[in-house]
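As a plain string of letters, each chain reads:
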Amino acid sequence: MPIVTISRGSRSGAKELAECLAAKLGYNCLSREELSDYAIEQGVPVGKLQTAMVKPPRVYRRMGKERDLYMACVTAHLCEAAQDGKLVYHGHAAHLYLPDVTHVLRVRVVSHKEFRIRQEMVRLNLSREKAKEYIENVDQDRAKWVRFLFGVNWDDPHLYDITVNVQSMGAENAASALCAMAELPNFKPTPASVQAFGNRWLAARARFRLGIDKRTAHVDLHVRADDGVVTVTYPPQNSEILPLVPEVLADLDGLKGIECAIAQTNILWIQEACDPASDACTNILEVARKWDAAVELMRYVPKEEEEPDLLAGGAEEAAAPRPATPVTLDVRRNGGIEDDTDRPEPEQEDEGLSATLDRLVQTGRSGGVSLVSGSPRRLLSAIDRRIEYSLVVLGDVFLGKSSQVRTRLQSELLGLLTDNLDAPVIDAADLKTELRFGWKQALRLMAFLILAAALYLGVFANQNQVLYWIVGGDSALSRAVGVVLVVVLVPVLAYAYGTSVRLLMRGAGALVDARHRRRGRENKRSQA
Amino acid sequence: MLAVTQMIDGHTFIHLDWFSAFQVVCLGVIGGTLSGFIGSGGAFFMTPGMMNLGVPGAVAVGTNITHKFGKALMGSRAHGEMGHVDRLLGLSLLVTAAVGIHLAVWINTSVFGVEKGQSGSPAGDLYISLVFVGVLSIVSVMILRDALRGREEEGPNTKLAERFSKIRIPPMLYFRVADVRVSGWVVGAVGLATGYLAGTIGVGGFIGVPAMIYVFGIPTAVAAGTELYLAMFMGAWGAINYAWQGSVDIRLTMLLYLGSLTGIYIGAYGTKVVNEKMIRVVTGLIILLCVFSRAIAIPMYLGKLGYLDFDRGWDPYFNSASKAFLFISGISGVLVILYSVTKAYLRRQRVQASLAAIQG
Chain X
1 MPIVTISRGS
11 RSGAKELAEC
21 LAAKLGYNCL
31 SREELSDYAI
41 EQGVPVGKLQ
51 TAMVKPPRVY
61 RRMGKERDLY
71 MACVTAHLCE
81 AAQDGKLVYH
91 GHAAHLYLPD
101 VTHVLRVRVV
111 SHKEFRIRQE
121 MVRLNLSREK
131 AKEYIENVDQ
141 DRAKWVRFLF
151 GVNWDDPHLY
161 DITVNVQSMG
171 AENAASALCA
181 MAELPNFKPT
191 PASVQAFGNR
201 WLAARARFRL
211 GIDKRTAHVD
221 LHVRADDGVV
231 TVTYPPQNSE
241 ILPLVPEVLA
251 DLDGLKGIEC
261 AIAQTNILWI
271 QEACDPASDA
281 CTNILEVARK
291 WDAAVELMRY
301 VPKEEEEPDL
311 LAGGAEEAAA
321 PRPATPVTLD
331 VRRNGGIEDD
341 TDRPEPEQED
351 EGLSATLDRL
361 VQTGRSGGVS
371 LVSGSPRRLL
381 SAIDRRIEYS
391 LVVLGDVFLG
401 KSSQVRTRLQ
411 SELLGLLTDN
421 LDAPVIDAAD
431 LKTELRFGWK
441 QALRLMAFLI
451 LAAALYLGVF
461 ANQNQVLYWI
471 VGGDSALSRA
481 VGVVLVVVLV
491 PVLAYAYGTS
501 VRLLMRGAGA
511 LVDARHRRRG
521 RENKRSQA
Chain R
1 MLAVTQMIDG
11 HTFIHLDWFS
21 AFQVVCLGVI
31 GGTLSGFIGS
41 GGAFFMTPGM
51 MNLGVPGAVA
61 VGTNITHKFG
71 KALMGSRAHG
81 EMGHVDRLLG
91 LSLLVTAAVG
101 IHLAVWINTS
111 VFGVEKGQSG
121 SPAGDLYISL
131 VFVGVLSIVS
141 VMILRDALRG
151 REEEGPNTKL
161 AERFSKIRIP
171 PMLYFRVADV
181 RVSGWVVGAV
191 GLATGYLAGT
201 IGVGGFIGVP
211 AMIYVFGIPT
221 AVAAGTELYL
231 AMFMGAWGAI
241 NYAWQGSVDI
251 RLTMLLYLGS
261 LTGIYIGAYG
271 TKVVNEKMIR
281 VVTGLIILLC
291 VFSRAIAIPM
301 YLGKLGYLDF
311 DRGWDPYFNS
321 ASKAFLFISG
331 ISGVLVILYS
341 VTKAYLRRQR
351 VQASLAAIQG
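Protein sequences, first through last, are from chains X and R.
Each residue of the first sequence is one higher than the last, beginning at 1 in the numbering used here.
Each residue of the second sequence is one higher than the last, beginning at 1 in the numbering used here.
Everything labelled a hint here was simulated from the structure, so no lab data went into it.
Computed from a prediction, not measured in an experiment: that's the story for all the values here.
A hint or two may mislead.
Reference listing, derived: stretches of chain R covered by chain X, where coverage requires no fewer than 3 residues with Cβ under 8 Å from a Cβ of chain X [claimed, not checked]:
| no. | segment |
| --- | --- |
| 1 | 61-70 |
| 2 | 82-88 |
| 3 | 215-225 |
| 4 | 237-243 |
| 5 | 278-292 |
| 6 | 329-342 |
| 7 | 345-353 |
Built from N, CA and C at the ideal position, the CB exists for glycine as well.
Build out the structure end to end from the sequences listed, making use of the hints.
Here's what the structure looks like:
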């Protein structure tokens, strides 16, 4: 017998239909609210997810891990409830949790909006306008929720096998019709659909375990299962979880084996002038090789935005947004696939772009090339958000500015990219920076600490005398002595103590860096 | 409030025990972190903070301005490495700021009787508090309104900067690092105002930084860094003036350094990794809370001068409420900064860890 899922809006009569159908079929009945409560009990931040729905897309787009955890938890519980096939579920497009399971009868329940409004007016004691507004808000929130979870429009009739109007048919009649439909051979379980169900269930349980365990919760994982073998795909920058996955999934019911694979990924490299022989290029290629990633090269030429021509287009045109579009080279955009025809190379200064692309192609790491010019915002809009970059590397830009201005503008651009992109963004200089804290720094630290300590001891052990010197007597000479004492002591102490603090922070940073490298070596040894 | 126990040559200095010393160090941490992040934040917090510990007003101002000298020296060095200091702009503001400070010191010491043997007075404290509340309430509301309006992606409102950039009275000065061109007269006026306020209430940065952002159109991080560079000289000049008057408690200055010279590096790092809008929001909120803190203390001074008639027994409550607001503003500002900086730091560390793992 099939699993029956009933998708509903508010006050559509779906709950009554579900309960009636479950009674007729002798099935269990499960609601979305029960699934939600279960997820909350398991520690899934359901409230946080629901609150994020009212925020801009940029906010809830960053909640991918929480969403995956919720879906894994709900799918696992749904499958557990439906393991003997005898389940009627009513909620929001629940069949989408089991997309490749064919023994699911997908029902959509509708009723007239006026009927729903009248229901809410009575239930909540609202005026017609308030009830209408309430219904529309609820429908909107539900549509957003389904789009957030599944990326589909829940009103699309192609998602369902049948649409039922409970208001006109009545719950009893609708349930009888669905009972008859459930008998059709299309909805009978087959060995393939039963296996697909089992795979979904196992994958959901595995994903939930990995998402709830503190050691692996921070990683974006993709999990699938096939006949008891769970495959976990992880981003290349999180290879540290490799030994942890078997530990986390140990003793999972139905698990026969585990496979781990690195996700295919892209690195975006932004640079103004490219040099294939540069350290940045070498370092990026090393990272790309380790991560099995393609490198997409984006040449960015900073330019001031042109003032809008008010005379030509008028104020409205000037105020209209101008989305940035990447300008592509005539020669290549295709990752190095050569054309058959001979064409002369276009005469243009490409600032090493072609030569760098050649190097990427030769190493088999080219992911294409593009050229963008304009403001930093134009650069941001030119980056394709559909591509999941595992890393964005910002090379040297603003080369036409003085070094101080370049440092600042580069830092601001790094901040802009970090705030607006989901991928981690780093400076090319950080690719191969090793913090060093040697004997020289240690000696400097000791010297400045001793000087600072001596000054503190000297002053606080002789407070009254020091204050007397500073206050001085009535004479100009005694006042001048006090001024000199202050003006000399203050910057010397500030420099000594301030430099000590700075060196201490640097030492701490070097320790952290050394620990990361040691872990990297240990991981390499364990993989070998 | 601690009892004032030391009189040295007519000046009063508070007695320091471990607890009071710890409080001063905490003031330093908060002031230093705020300074490094928003370019100012020492004086508006530390001056009232010291006054709440029983330090006479003029000594608090003098001590803080002396402390500013060394703190700004190290802070501007940190910012300079990140390209956030326009030395020419800083020096240009300095000239008129020095005049402003001298004027303020003269008023504080001559008009409010801060001569030898008369450190601090209710009239002086009232004057400082009124200027503090009046000026900074306008500044904070302006910053918050601008930071919280419209789309997150927009930077500071440039309408005022565009108007001032149209003032073409020579000499016109081009500031290379900030990348702006401004009339020297505008620069002079801003410098004078900053210096006067620095000398009066020990708060120059909260006029200087917003002025650079909104009057000159300078990027926020550069305004913060340049203000610290300017503060270094203003601190030195103020230190000389107040030390001449005998109004510097060097012990408090040194205790402030224990905290501020750690905080300033954290704050400066924050300007590199945290969103620019956050810097302005934090600035506005902190100033506003400090304004409330000072405003609560004003009835106390009015009472002492006889303008308000109420039971003097209420003074400790006014003082406590003022102190509470001050610490709330400083601590909450620092917590927001530390949270943002820690989040950004951990995010970078995750990427660095995976890169270091490859390089081994």
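Task: Which numbered hints fail - done: 5 and 6
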